[in-house]
Amino acid sequence: MTPFVAPSLLTLSEVSAVFCLLLILLVPFAGAGLALINSGLGRSRSAAHAMIAALCVTALAALVYVIVGFAWQGAAGRPDHVLMVAGKAWGWIAAEPFFLRGLRLDLSPAALVVLLQMFSVGLAGLIPLSSGADRWRLGAICASTALLAGWTYPLFAHWTWGGGWLAQLGANCGLGRGFVDGGGSSAIQVVGGVTALSIAWILGPRRGKFSAEGMPAALPGHNVVLVLLGCLFAWIGWTALNSAGAMLFLGVEPGRVVLIAVNTTLCAAASGLTAGVVTRVRFGRPDASLSANGWVAGLVASSAAAAFLKPAAAMIVGGVAGILVVSVADFLEFQLAVDDPGGAVSVHAVGGLWGVLAVALLADAGPGGQWLAQLVGIATLLGFVLPLSYGLNWLLDRVYRQRVAREGELQGMDLFELGAGAYPEFDIHGDEFMQR
Amino acid sequence: MKLAGLLLLVAGWTIVVAAVALLPSAGARVGFVLAGIAVELFGLALAVRSHLVLQAEGE
Numbered sequence: 001m002t003p004f005v006a007p008s009l010l011t012l013s014e015v016s017a018v019f020c021l022l023l024i025l026l027v028p029f030a031g032a033g034l035a036l037i038n039s040g041l042g043r044s045r046s047a048a049h050a051m052i053a054a055l056c057v058t059a060l061a062a063l064v065y066v067i068v069g070f071a072w073q074g075a076a077g078r079p080d081h082v083l084m085v086a087g088k089a090w091g092w093i094a095a096e097p098f099f100l101r102g103l104r105l106d107l108s109p110a111a112l113v114v115l116l117q118m119f120s121v122g123l124a125g126l127i128p129l130s131s132g133a134d135r136w137r138l139g140a141i142c143a144s145t146a147l148l149a150g151w152t153y154p155l156f157a158h159w160t161w162g163g164g165w166l167a168q169l170g171a172n173c174g175l176g177r178g179f180v181d182g183g184g185s186s187a188i189q190v191v192g193g194v195t196a197l198s199i200a201w202i203l204g205p206r207r208g209k210f211s212a213e214g215m216p217a218a219l220p221g222h223n224v225v226l227v228l229l230g231c232l233f234a235w236i237g238w239t240a241l242n243s244a245g246a247m248l249f250l251g252v253e254p255g256r257v258v259l260i261a262v263n264t265t266l267c268a269a270a271s272g273l274t275a276g277v278v279t280r281v282r283f284g285r286p287d288a289s290l291s292a293n294g295w296v297a298g299l300v301a302s303s304a305a306a307a308f309l310k311p312a313a314a315m316i317v318g319g320v321a322g323i324l325v326v327s328v329a330d331f332l333e334f335q336l337a338v339d340d341p342g343g344a345v346s347v348h349a350v351g352g353l354w355g356v357l358a359v360a361l362l363a364d365a366g367p368g369g370q371w372l373a374q375l376v377g378i379a380t381l382l383g384f385v386l387p388l389s390y391g392l393n394w395l396l397d398r399v400y401r402q403r404v405a406r407e408g409e410l411q412g413m414d415l416f417e418l419g420a421g422a423y424p425e426f427d428i429h430g431d432e433f434m435q436r
Numbered sequence: 437m438k439l440a441g442l443l444l445l446v447a448g449w450t451i452v453v454a455a456v457a458l459l460p461s462a463g464a465r466v467g468f469v470l471a472g473i474a475v476e477l478f479g480l481a482l483a484v485r486s487h488l489v490l491q492a493e494g495e
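Protein chains in written order, with this note's numbering: chain B, 1 to 436; chain W, 437 to 495.
Some clues are possibly wrong.
To be verified - Partial chain B-side listing against chain W, Cβ under 10 Å, derived: (1) Ala86; (2) Phe98; (3) Trp151; (4) Leu175; (5) Arg177; (6) Phe210; (7) Ala218; (8) Pro220; (9) Ile323; (10) Ala337; (11) Leu375; (12) Thr380; (13) Leu382; (14) Gly383; (15) Phe384; (16) Pro387.
Bear in mind the hints are in silico, worked out from the structure with no lab data behind them.
Beta carbons are placed, not taken as given, at the ideal position from N, Cα and C, and that holds for glycine.
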């Protein structure tokens with residue numbers, strides 16, 4: 001286990017670096033979009049709680065990432081610890097100092113990586129808010145986010161983007177270009193999505209969600225306008241995220257940003273429309289919430305491969321994501337009894353896994369063996385990140401109970417935890433869905 | 437049962453990592469990676485099943 005400097009140090013011209021910086025500064029729109037979507041898909045009596053939780057997550061994720069996260073993640077070409085196996089060096093964790101010490105925050109690629117990752121880790125942290133809506137305590141949200149931003153996310157991000165062992169699969173084993181994920185289908189979306197699944201398992205369903213026979217009740221979101229507005233914000237942020245990520249982590253030239261933006265839009269469009277058509281066929285009318293989830297799932301699926309897809313392939317990726325998101329949301333609720341109010345698992349975990357796989361199936365990502373590298377990445381997300389995330393959150397739950405007390409659910413998270421509702425001028429009605 | 441499911445997930449991943457790091461032949465590597473993923477899927481199914489059982493007991 002010795003510090004080792006990976007050979008692939010990215011260089012950017014000053015013009016490219018400024019262009020990349022401008023893209024990165026648009027990424028927080030993705031977080032704003034997710035925050036609006038989470039709030040809109042939750043209950044009105046927890047709307048303020050959802051938004052303040054989003055702000056807390058974004059703030060805490062940035063702080064923890066700067067304090068310890070980047071020290072574990074690092075960047076390609078910077079020092080990391082390696083394990084020597086069968087004569088080959090495999091990077092497993094970065095060897096950077098805490099608090100970004102020694103790093104010049106200018107237009108260098110490493111500094112741009114830090115800025116992009118401060119926003120990205122917040123985005124990953126927003127995803128579990130969706131599955132824990134209406135019953136997840138604010139203190140527990142902050143503690144869980146600290147674990148995600150300080151450990152789970154940086155570790156997988158190092159393996160993917162920091163020159164770690166997944167990125168080295170190409171050089172060490174001849175598997176294509178190694179694990180490829182330009183915009184974070186895996187490192188941001190699936191990591192957030194499997195954390196969302198862990199949280200849904202640990203918290204259990206909302207009161208009144210499932211009958212004694214196990215049949216789920218419909219608990220519709222309180223404001224679909226917020227949800228759809230969030231989709232539009234997310235579109236801007238995701239286009240920037242995919243473009244900046246591809247420049248920094250895949251080394252694509254700035255001219256390819258046009259292709260990335262076209263593919264990102266096509267993926268979202270195809271996915272949103274497909275989800276609308278599927279719900280129209282199944283329920284007789286297009287479902288606005290599921291169509292919005294389809295739109296976001298298309299953005300999620302586009303992230304890994306947007307730099308390598310042909311436009312027609314991007315439409316296929318989006319179309320499949322739209323079908324998956326509706327089917328998996330139903331399957332989770334009706335067959336697996338997972339109460340995920342915002343659809344985080346179907347949108348981010350499943351959409352992200354499909355995006356990672358799409359690199360192998362549909363993208364022109366380089367030499368052969370790419371599909372095996374992508375499968376190894378998927379195996380790592382399921383076999384390492386999911387147990388790690390579940391284990392950390394389970395331990396946290398033992399120390400500090402994550403689910404709000406029964407009174408909190410009956411009263412609503414706004415009044416119970418914040419002391420004031422989001423819509424104080426409206427009458428608060430009894431909840432017909434709540435089993436008292 | 438959920439712990440067993442999670443341990444199977446980790447075991448499947450260990451098979452995948454070992455195959456990639458240690459096996460020189462492409463065919464054997466593919467076979468073991470697929471076997472590792474199959475073990476992971478079994479573990480995931482076990483974890484999901486235990487969640488259903490625990491929830492039914494809770495109700």
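Here's how the hints hold up against the structure:
{"no.": "1", "hint": "Ala86", "in the structure": "holds, 6 Å"}
{"no.": "2", "hint": "Phe98", "in the structure": "violated, 28 Å"}
{"no.": "3", "hint": "Trp151", "in the structure": "violated, 16 Å"}
{"no.": "4", "hint": "Leu175", "in the structure": "holds, 8 Å"}
{"no.": "5", "hint": "Arg177", "in the structure": "violated, 15 Å"}
{"no.": "6", "hint": "Phe210", "in the structure": "holds, 7 Å"}
{"no.": "7", "hint": "Ala218", "in the structure": "violated, 19 Å"}
{"no.": "8", "hint": "Pro220", "in the structure": "violated, 22 Å"}
{"no.": "9", "hint": "Ile323", "in the structure": "violated, 21 Å"}
{"no.": "10", "hint": "Ala337", "in the structure": "holds, 5 Å"}
{"no.": "11", "hint": "Leu375", "in the structure": "holds, 6 Å"}
{"no.": "12", "hint": "Thr380", "in the structure": "holds, 6 Å"}
{"no.": "13", "hint": "Leu382", "in the structure": "holds, 5 Å"}
{"no.": "14", "hint": "Gly383", "in the structure": "holds, 3 Å"}
{"no.": "15", "hint": "Phe384", "in the structure": "holds, 5 Å"}
{"no.": "16", "hint": "Pro387", "in the structure": "holds, 4 Å"}
When the structure is compared with the earlier hints, violations turn up for hints 2, 3, 5, 7, 8, 9 and for no others.
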